[in-house]
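A.B. asks: Residue numbers (this note's numbering), protein chains in the order written: chain A, 15 to 154; chain B, 15 to 154; chain C, 15 to 154; chain D, 15 to 154.
Keep in mind that the hints were calculated from the coordinates and are not lab data.
Treat the hints with care, as some may be off.
Treat identical chains as interchangeable: a pair holds within one or across any two.
Said to hold, decoys possible - SDA-like, lysine to any residue: derived pairs with alpha carbons at most 20 Å apart:
1. LYS99 with GLN136
2. LYS21 with ASN54
3. LYS77 with GLU59
4. LYS21 with SER79
5. LYS21 with MET44
6. LYS99 with ASN54
7. LYS99 with GLY129
8. LYS77 with ASP126
9. LYS77 with THR125
10. LYS77 with GLY129
11. LYS77 with LEU56
12. LYS77 with ALA98
13. LYS75 with MET30
14. LYS77 with ILE132
15. LYS21 with ASP126
16. LYS21 with ARG87
17. LYS99 with THR70
18. LYS77 with GLY31
19. LYS75 with ARG40
20. LYS99 with GLN73
Nothing here was measured: the structure is a model prediction, and the numbers come from that model.
Number of protein chains: 4
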Amino acid sequence: MIAVRDKVRFVETDLMGVVHHSNYLRWFEMARVEYLRAANVLLPELIASGIVFPITEVQCKYKHSAHFDEIIRVEARLDDFSRAKLCFSYRVLRDADDVLLAEGYTQNLFTDTNGRIIRLPQLYFDRINSVRQAENGGVA
Amino acid sequence: MIAVRDKVRFVETDLMGVVHHSNYLRWFEMARVEYLRAANVLLPELIASGIVFPITEVQCKYKHSAHFDEIIRVEARLDDFSRAKLCFSYRVLRDADDVLLAEGYTQNLFTDTNGRIIRLPQLYFDRINSVRQAENGGVA
Amino acid sequence: MIAVRDKVRFVETDLMGVVHHSNYLRWFEMARVEYLRAANVLLPELIASGIVFPITEVQCKYKHSAHFDEIIRVEARLDDFSRAKLCFSYRVLRDADDVLLAEGYTQNLFTDTNGRIIRLPQLYFDRINSVRQAENGGVA
Amino acid sequence: MIAVRDKVRFVETDLMGVVHHSNYLRWFEMARVEYLRAANVLLPELIASGIVFPITEVQCKYKHSAHFDEIIRVEARLDDFSRAKLCFSYRVLRDADDVLLAEGYTQNLFTDTNGRIIRLPQLYFDRINSVRQAENGGVA
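If we strip away everything but chain A, and leave its shape as in the complex, we get:
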């Protein structure tokens, strides 16, 4: 599991006075990016080699509102992983008191730049897999 922290931006609120629900997907992404970085999988490098990884599904359940200026903590966990897809689950917490604000998941596929589904090269698979095994106490 990888966690990132960030401070809620003014622009992320809406006229109901709380964070707009679409921003949680952007927070999920921040944690997903850090997870992949921990595996030394850098998205610009993937893109430069012609691999894109579109989101194919996202779900989010909202428990409590996030407010301007609060520190939020986003945790990402790799739930399912193959050379065909990546499934992450996420939790967003208010960092001050660990209240769960939202949880959700995303699924990515790998495609070439024409949108055709491809398999992730073994090199990247191995990198991600090592991080995942470390997470799971060494059990693949």
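Chains B, C and D: place on chain A using the hints.
C.D. replies: Same frame as chain A, but now just chains B, C and D:
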């Protein structure tokens, strides 16, 4: 069913060259707002009377990418509805050829400004219900 | 002068209850894109041929707030134009009563994909120039 | 001068492969919020007491593009300040090598919730003024 059309904005794309997945939630919202307007339920009026309607769940499945400058059409349908919650489903289509780009759903609750769950006043319930019955050919 | 209309989205508001000021730059862009389209200059085509056109300066003066669900009209005018740069000015109006909400300008350069300044190919220059001359009553 | 750091988000890029120019205004805002916090002026507290502070002018000059995943540093400086308005200037730097990416300014007024211009209460003025004097080596 209510449909809205809009043109994909440059700012809605990301460095993968297609629309960022978080924007579909904002497009769902545009269609949801129009559905409620068709029922003469105006969100600023609700908020002014102390009723907020946070999203409690959202899901989206992405089929094909939307691109800059394409016209997209967003359809909203009210699937489930009571004085406690609203459940909408959505389809996003490329308007030029009706290709389905994404589909999803949202669930809203009604709360007061302190976040306590309330029941939607009968007045608003009746307005939404008439639109929904009209949609369903008069069958409630 | 080219004008586009759009409806203020819920997500464009912030907790002060009005449209967040950063969104006006996105509205300017919508009008700029339409201006260029009127000249048959399509941004994806330019990018595909290795030409990018980064914004080098933007300014906006805000007169009145835009609110959720209002129709806004954005007018773009090409003020200065050469094969080295494009300078547009903009006005954002509340469409219902023509109240001026904001006005501003942007400046673009043309660069290659490595960020080196280039001159716009004559083909595109001519297209933009015809629209501009038409705007100015045929006087270049 | 107050500085904040943040990491460029994937969603902040556009199909030209760099950060969309509108996001710099959101980064300015992050630094402005921190400046006011350093003065113990909390925006939600101001809003709760009926004071809003709309941006009336913004300008930004872009020197170099920011890229996904880079750490940016945003510096805010209070240039002009009275009970009627706040004028900040900003610099955005790539934190790794201090390259200046953009610079700009904003102007805020103070209004009541009906948009009427008001003067900032002395309490808040004094708080901001102490931070500013500290910045200027004690010279008001």
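A.B. asks: If a hint holds in the structure, say so; if it does not, say that too.
C.D. replies: Verification of the hints:
1. For the identical chains of this complex, LYS99 and GLN136 are intra-copy neighbours only, at 13 Å inside a copy versus 46 Å across copies, given an alpha-carbon limit of 20 Å.
2. Proximity of LYS21 to ASN54 under the C-alpha cut-off of 20 Å is restricted to the inter-copy arrangement: shortest distance 17 Å between copies versus 25 Å within a copy.
3. When the C-alpha separation of LYS77 and GLU59 is checked against a cutoff of 20 Å, the pair qualifies neither within a copy, at 36 Å, nor between copies, at 25 Å.
4. Proximity of LYS21 and SER79 under a CA criterion of 20 Å is satisfied intra-copy only: 14 Å inside one chain copy versus 24 Å between copies.
5. Proximity of LYS21 and MET44 under a CA criterion of 20 Å is satisfied in both settings, with 12 Å inside one chain copy and 9 Å between copies.
6. In this homomeric assembly, LYS99 and ASN54 come within 20 Å of each other (Cα to Cα) only inside a single copy, at 18 Å, whereas the closest approach across copies is 40 Å.
7. Taking the closest pair of Cα atoms, LYS99 and GLY129 come within 20 Å of each other only inside a single copy of the chain (14 Å); across copies the shortest separation is 34 Å, beyond that limit.
8. Proximity of LYS77 and ASP126 under a CA criterion of 20 Å is satisfied inter-copy only: 15 Å between copies versus 37 Å inside one chain copy.
9. For the identical chains of this complex, LYS77 and THR125 are inter-copy neighbours only, at 13 Å across copies versus 34 Å inside a copy, given an alpha-carbon limit of 20 Å.
10. With identical chains, the CA atoms of LYS77 and GLY129 are at most 20 Å apart between copies only, with a shortest distance of 11 Å across copies and 35 Å within one.
11. Taking CA atoms no more than 20 Å apart as the test, LYS77 paired with LEU56 passes in neither setting, with 32 Å inside one copy and 25 Å between copies.
12. In the homo-oligomer, the alpha carbons of LYS77 and ALA98 lie at most 20 Å apart only across protomers (16 Å), although the nearest pairing inside one protomer, at 32 Å, exceeds that limit.
13. In the homo-oligomer, the alpha carbons of LYS75 and MET30 lie at most 20 Å apart inside one protomer (18 Å), although the nearest pairing across protomers, at 26 Å, exceeds that limit.
14. In this assembly of identical chains, LYS77 and ILE132 lie within 20 Å of each other by CA distance solely across copies; the values are 16 Å between and 36 Å within a copy.
15. Within a single copy, LYS21 and ASP126 get their C-alpha atoms no closer than 35 Å, and across copies no closer than 26 Å, so neither meets the 20 Å cut-off.
16. Taking the shortest Cα distances, LYS21 and ARG87 sit within 20 Å of each other both inside one copy (9 Å) and across copies (15 Å).
17. For the homomeric pair LYS99 and THR70, the shortest alpha-carbon distance inside one copy (10 Å) is at most 20 Å, but the shortest distance between copies (27 Å) is not.
18. Taking the shortest alpha-carbon separations for LYS77 and GLY31, only the intra-copy value of 16 Å comes in at or below 20 Å, while the best inter-copy value is 23 Å.
19. Proximity of LYS75 to ARG40 under the C-alpha cut-off of 20 Å is found in both arrangements, the shortest distances being 14 Å within a copy and 16 Å between copies.
20. In this assembly of identical chains, the alpha carbons of LYS99 and GLN73 lie at most 20 Å apart whether taken from the same copy (16 Å) or from different copies (18 Å).
In terms of the numbered hints stated before, the structure departs from hints 3, 11, 15, listed from lowest to highest.
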